[in-house]
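Asks: If you read the sequence shown in the numbering used here, its first letter stands for residue 100, the second for the next number, and so on.
No wet-lab data here; the hints were simulated from the structure. Among the clues, some could well be false.
[What the hints assert, rightly or not] Pairwise CB distance ranges (calculated): (1) Val371 to Arg301: 45 to 53 Å; (2) Glu497 to Thr104: 37 to 45 Å; (3) Leu110 to Leu283: 33 to 41 Å; (4) Gly153 to Thr529: 26 to 34 Å; (5) Gly340 to Ala455: 27 to 35 Å; (6) Met237 to Glu521: 34 to 42 Å; (7) Pro305 to Glu346: 39 to 47 Å; (8) Arg233 to Ala370: 31 to 39 Å.
Where is the CB? At the ideal position from N, CA and C, for every residue including glycine.
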Amino acid sequence: MDIATLSIILLVVLFGLLLLGLWVGFALLAVGMVAMELATGAPTGSIMATKIWGALNVWDLTALPMFIWMGEILFRSRLSSDLFTGLSPFTRRLPGGLLHVNILGCALFAAVSGSSAATTATVGKMSLPELKSRGYDMRMAIGTLAGSGTFGFLIPPSIILIVYGAATEQSIARLFLAGLLPGLMLAVMFAGYVMLWSLLHRDRVPAPDPRPTLRQRLRALKLLLPTVLLIVAVIGSIYAGLASPTEAAVVGVAGALAISGLSGGLDRDSAVGALRGAAITTCMIAFILAGASFLTVAMGFTGIPRTLAAWIGEQGYSQFALLSALLVFFIVLGFFLDGISIVVLTTSVILPMVTAAGIDPIWFGIFLVLVVEMSQITPPVGFNLFVLQSITGRGIFEIALMALPFFLILVLATAILSVFPEIALWLPGTMISR
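Make a model of the complete structure from these sequences and hints.
Replies: This is the structure we're talking about:
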């Protein structure tokens with residue numbers, strides 16, 4: 100059977116199973132089994148068992164449940180209300196006022212949770228009612244939250260960067276460092292857009308509050324201190340070489356437990372809920388990784404990745420032409436799949452093309468995460484849209500329209516990162532050179 104026919108059959112099987120509602124992990128296993136049966140006479144069952152065990156028996160993956168647990172603990176604590184109260188005095192006088200709390204709050208919470216959906220839900224439950232009561236334009240408030248909630252994928256500790264690192268055998272520590280500056284750049288771009296919009300629509304922004312007193316600023320800093328210390332403890336320990344990502348995750352869980360305990364936001368029910376939520380999310384990701392690992396081996400037997408990589412090389416595409424094509428491809432894929440599924444489903448096929456074109460796999464991980472962030476705010480399978488629908492009661496497509504400017508900013512940020520790759524590669528290079 101030729102490569103083109105086999106590729107079409109596998110795509111039909113994959114999307115057919117997904118449309119039938121089969122879990123992504125099992126769909127990937129099924130496609131791998133079909134590929135093995137059609138392309139080779141090797142023992143499918145033995146290869147599947149061996150590969151799944153090898154893929155999940157990886158030490159770096161132990162950071163995954165710990166970071167998820169840390170995010171679940173903080174999600175149930177008073178951290179969100181403290182973030183809003185702590186950031187308010189420093190944003191009231193900026194053009195756009197408290198709309199910046201959505202952006203800064205999401206950036207800070209992303210740095211201690213790693214989850215896009217958790218970031219959106221946590222900050223949104225606190226900020227949206229407050230912004231509505233103060234007379235802010237709700238379309239803009241919801242849009243900023245939808246866009247800023249995607250920071251959970253990029254700003255470390257990012258769950259999806261751990262998944263990408265495990266799937267591609269890249270250093271998770273380097274990926275974390277590579278995500279820092281692009282994440283900050285994206286936050287600045289969002290804030291800049293909010294300032295510009297507010298200056299052009301002064302009638303839709305409330306009058307600025309009185310200048311906060313020194314006492315108010317000091318009280319705000321006190322509320323922000325636990326979050327800042329937790330970020331420094333987790334990310335700083337990795338950057339300083341004092342801890343591996345797994346060890347930093349343990350530090351993060353211990354810090355989250357301490358913050359929640361001292362703030363009085365952690366009781367028995369919330370503690371059990373956090374543990375249960377972490378277990379469910381970890382198992383879901385593990386199933387997807389297991390299916391993707393077997394599919395990767397099956398694709399190797401079919402020769403599809405090698406053929407595609409060779410074809411790309413023969414075409415002589417420039418890096419920018421390849422990245423532009425991949426950008427469109429991932430945006431379309433994001434209409435139908437969630438971020439983690441996109442990463443584990445495509446890396447086995449795409450990475451050989453990327454490396455053949457001379458693109459750094461660490462940089463490509465950040466590029467991929469930026470594009471995957473777009474899938475969080477594109478219907479019909481945008482997780483951030485679902486979260487905001489549950490909070491606001493508005494329709495998915497209405498929220499997506501509110502988030503459209505921030506989707507376009509994500510596209511612009513991806514273009515900037517492509518032109519200036521050092522934005523992502525400078526910090527990892529600094530760490531390695533030490």
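Asks: Honestly, which of those hints from before does the structure not fit?
Replies: Of the numbered hints, all hold.
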